[in-house]
Amino acid sequence: MKRFFIKLLALAIPFGILLIITYLNYESEKGDLIRIGYIPNSFPDYRNKFESELSRKISFDKLSSDSINREYDVLTIGDSFSEQGAAGYQNYLASIYGKSVLHLDNSLHSNPFQVLISLKNGGFFEEFKIKNVILEVVERHFIENFMQLKIDSSINYKSFNPVLKNNLGGEEMSQLSNRILKFPYYAINRKLYPKELVSLVYARKLKNKPFSVAENTLYFYHLDVANIALNNSMDKLQNINNVLNDFNNKLENSGVNLIVFPVPDKYHFYKDDLEDTDGFVKPLLFSNYAKLNKEYAFLDLLDAQENQEFNILDFYYYDDSHWSPEGSKVVAEQLVELVEN
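Under UniProt numbering, the sequence shown has 165 at position 165, and the numbering climbs by one with no breaks.
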């Protein structure tokens, strides 16, 4: 019996050590990149600096709300970049710039392109008086989402049902056994192979300091680079532009101004701050888009960044694939110029 307990203890001690290491270093709530990448949360107080912005009063309406108006300055449709609540660009458009904003909840659809066209075909813009539509789509899914488009699809806004989302990480993140085993495994792999993809997240060294933490590493999602080849297709982008030009004419007939906003992936946004980009194809989506004749309003955040030199720490969160309140404010400032023109 004594020998049995010694063997049991020999197994339990390493497991207990792994449990303690994971408990002290793994973050299951904040920062999607450090969560799915099983990266130690070295700066647990990092987001305290954004607390006042994250607790702002919500000043915009959601389509899923029980009570909404019939007239708005802006309708926003997008992906997770349009779901930042109090610190989202919609809230700044409303609270800082005084715009009335209606947001189509991301939980009600899976494709911003599709839901906008389906709403138009379903008579939404005859029932609601909307001055501007902001169509936001993240760069890594821009062409991919459009390729799934059904141009003749229609939907009545009253018939929306919540859509099951496959967010970064998935359900396995909540399973303790996964964390205990994977956290040290991926931590070791990241040390041994610093430039390789580890658990869906790349970590590359920075030559500049774009974040307010004492770490010179850029974490970014693997699809930021995996989808570059698809996004570099000029033919596919031309097709998207043709459809959007045609759709813009239809919206104009309803008195609606279309603003298309591809959101730069974190990798693309900070690419020039990296020590190297070895192994990655050069992204061309925005430079290709600049060559096209667009009849709709268009926000090129990379062009604005280059021309206006956004010298802002933490434009994107260092531990997340999304921008921080600092970046969100700049986005709202850029968008309001298009809304008011």
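These are computed hints drawn from the structure, not numbers from a lab. A few of these clues could be false.
[Claimed, not checked] Dumping the calculated DSS-like pairs for lysine-lysine here, alpha-carbon to alpha-carbon at most 27 Å:
| no. | residue 1 | residue 2 |
| --- | --- | --- |
| 1 | 209 | 282 |
| 2 | 282 | 207 |
| 3 | 271 | 291 |
| 4 | 291 | 49 |
| 5 | 30 | 294 |
| 6 | 131 | 62 |
| 7 | 209 | 250 |
| 8 | 250 | 131 |
| 9 | 205 | 182 |
| 10 | 329 | 207 |
| 11 | 294 | 282 |
| 12 | 57 | 120 |
| 13 | 191 | 150 |
| 14 | 191 | 291 |
| 15 | 62 | 150 |
| 16 | 30 | 291 |
[Claimed, not checked] Derived CB-CB ranges, DEER-like:
| no. | residue 1 | residue 2 | range |
| --- | --- | --- | --- |
| 17 | 192 | 293 | 48 to 54 Å |
| 18 | 294 | 194 | 18 to 24 Å |
| 19 | 282 | 214 | 27 to 33 Å |
| 20 | 250 | 213 | 44 to 50 Å |
| 21 | 126 | 62 | 16 to 22 Å |
| 22 | 207 | 308 | 19 to 25 Å |
| 23 | 64 | 277 | 39 to 45 Å |
| 24 | 100 | 50 | 22 to 28 Å |
| 25 | 129 | 194 | 53 to 59 Å |
| 26 | 151 | 276 | 37 to 43 Å |
Because the structure is a prediction, the values reported are computed rather than measured. Where is the CB? At the ideal position from N, CA and C, for every residue including glycine.
Item to complete: Output the numbers, in ascending order, of every earlier hint that fails for this structure.
Response: 4, 5, 7, 12, 13, 14, 16, 18
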